[in-house]
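J.: Spelled out from the first residue to the last, the chains are:
Protein chains: 2
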Amino acid sequence: MARTQGSHSDITGPRIHKAALKLFAQHGYAAVSMRQIAGEVGVQAGALYNYTPDKQSLLFHLMHGHMDDLLSARAGSKRVKDALENLRQFVGFHIRFHLERPDEVFIAYMELRNLTPENFAAIEALRRTYENDLEGILRDGVAQGVFAVPDTKVATLAVIAMLNGVNTWYRSGGRLSLDQVETIYWDMVRKAVAL
Amino acid sequence: MARTQGSHSDITGPRIHKAALKLFAQHGYAAVSMRQIAGEVGVQAGALYNYTPDKQSLLFHLMHGHMDDLLSARAGSKRVKDALENLRQFVGFHIRFHLERPDEVFIAYMELRNLTPENFAAIEALRRTYENDLEGILRDGVAQGVFAVPDTKVATLAVIAMLNGVNTWYRSGGRLSLDQVETIYWDMVRKAVAL
DNA sequence: GTCTATACCAAGATAGAC
DNA sequence: GTCTATCTTGGTATAGAC
Chain A
1 MARTQGSHSD
11 ITGPRIHKAA
21 LKLFAQHGYA
31 AVSMRQIAGE
41 VGVQAGALYN
51 YTPDKQSLLF
61 HLMHGHMDDL
71 LSARAGSKRV
81 KDALENLRQF
91 VGFHIRFHLE
101 RPDEVFIAYM
111 ELRNLTPENF
121 AAIEALRRTY
131 ENDLEGILRD
141 GVAQGVFAVP
151 DTKVATLAVI
161 AMLNGVNTWY
171 RSGGRLSLDQ
181 VETIYWDMVR
191 KAVAL
Chain B
1 MARTQGSHSD
11 ITGPRIHKAA
21 LKLFAQHGYA
31 AVSMRQIAGE
41 VGVQAGALYN
51 YTPDKQSLLF
61 HLMHGHMDDL
71 LSARAGSKRV
81 KDALENLRQF
91 VGFHIRFHLE
101 RPDEVFIAYM
111 ELRNLTPENF
121 AAIEALRRTY
131 ENDLEGILRD
141 GVAQGVFAVP
151 DTKVATLAVI
161 AMLNGVNTWY
171 RSGGRLSLDQ
181 VETIYWDMVR
191 KAVAL
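Respectively, the protein sequence lines represent chains A and B. In terms of UniProt numbering, the first sequence has 87 at position 87, counting the first letter as 1, and numbering is strictly consecutive. In terms of UniProt numbering, the second sequence has 125 at position 125, counting the first letter as 1, and numbering is strictly consecutive.
Treat the hints with care, since some could be wrong.
Identical copies look the same in the list; a pair holds intra-copy or inter-copy alike.
[What the hints assert, rightly or not] Lysine-lysine pairs mimicking DSS-like chemistry, simulated, CA-CA at most 30 angstroms apart:
#1 Lys153 <-> Lys81
#2 Lys81 <-> Lys55
#3 Lys191 <-> Lys55
#4 Lys153 <-> Lys22
#5 Lys22 <-> Lys78
#6 Lys55 <-> Lys78
#7 Lys18 <-> Lys81
#8 Lys55 <-> Lys153
None of these hints come from the bench; they were simulated from the model. Since this is a predicted model, take the numbers as computed values, not measurements.
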């Protein structure tokens, strides 16, 4: 039987972040009210402020946590000597990581302008770190003579933009399996940077 | 000398749309108030309702106008027999058209979820038309044996996603000229769909 | 066509009881 | 830790004077 009062502190915090994640992704940060989030969790709006100082912190927490997850997961990938293999590994990692977290990814790209300047700078720095990882791979490949890209920075952004596009259309259970998607994109990326 | 009262009807309408465009692109539809838009134009909030029935119509007008511009401009491009040449032309057109209208483009991608379902469907249909144009080129190329893409639909979305990425970083007067950007992206797209 | 004034409602956030 | 109640602000939209 559902309680309408009393303490739920053991799970409320995470539930608030989950609800905010879902609602921000669905309607956008600015369009979602603290009351909506509270309603989704099943508490009153005032109770949210036991877990977050304000709405902005809620957004920042979600985005920062996502970027931390991304960089941690990526840090677990081993680099080898062969740049082509590193690139193949990056493409697979990127697609899978992002498809597993559509809401987080959506927010991370759409809500940047709703961050305060300080929070924005922090997220941007993390994003830059991730991009530099890929750029390093491309630079290695150019140095090794296995890639031909006129500008590694632009190529980095182009590859990431292309891969991010997957999230806008892929639905599990659809026409293509995850493996097929990965193969298709790897094929295009590989050729795009090829000699 | 600035008037604080009186009729400005000859220019107010377009100025409202310009102000809304700028503010929506900067802060997001949901975060911008009618009062802000009015302030940017230099009228009182109530006056806006002589030009638009509501805020939603303002957004829809901007997005629909942008998609109409896109399709009209694209319709002016001549198709030739050579698929490779058509693709080259498409890439150049897309980059230039979109870089000339960063605010409109930004809104067209970011504010889709703030459209009512009916308005969303209308915009989606126009976007689909544009995508089908590119997909037709890719299909021709595959039929002619000059392109190798495992899936024309996915390749279409991948190419567009890659090209759209330009808008997130390109600034005129920066390190690269528009011609250089176009060359770099054409190089990658060409190779990505090559045999 | 724009103004001032306002109706009406919902926002973020806080206070104090339990 | 959550509730109810409320403060304060600002939102969209409308009415009626000029």
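J.: All hints are to be evaluated individually against the structure, with a verdict given for each.
T.: Structure-based check of each hint:
1. In this assembly of identical chains, the alpha carbons of Lys153 and Lys81 lie at most 30 angstroms apart only when taken from the same copy (21 angstroms versus 34 angstroms across copies).
2. Taking the closest pair of Cα atoms, Lys81 and Lys55 never come within 30 angstroms of each other, the shortest separation being 45 angstroms inside a single copy and 56 angstroms across copies.
3. Within a single copy, Lys191 and Lys55 get their C-alpha atoms no closer than 44 angstroms, and across copies no closer than 46 angstroms, so neither meets the 30 angstroms cut-off.
4. In this assembly of identical chains, the alpha carbons of Lys153 and Lys22 lie at most 30 angstroms apart only when taken from different copies (29 angstroms versus 33 angstroms within one copy).
5. Taking the shortest Cα distances, Lys22 and Lys78 never come within 30 angstroms of each other, neither inside one copy (33 angstroms) nor across copies (45 angstroms).
6. When the C-alpha separation of Lys55 and Lys78 is checked against a cutoff of 30 angstroms, the pair qualifies neither within a copy, at 38 angstroms, nor between copies, at 51 angstroms.
7. Taking the shortest Cα distances, Lys18 and Lys81 never come within 30 angstroms of each other, neither inside one copy (40 angstroms) nor across copies (53 angstroms).
8. Taking the shortest Cα distances, Lys55 and Lys153 never come within 30 angstroms of each other, neither inside one copy (35 angstroms) nor across copies (39 angstroms).
Consistency with the previously given hints fails for numbers 2, 3, 5, 6, 7, 8, ordered from lowest to highest.
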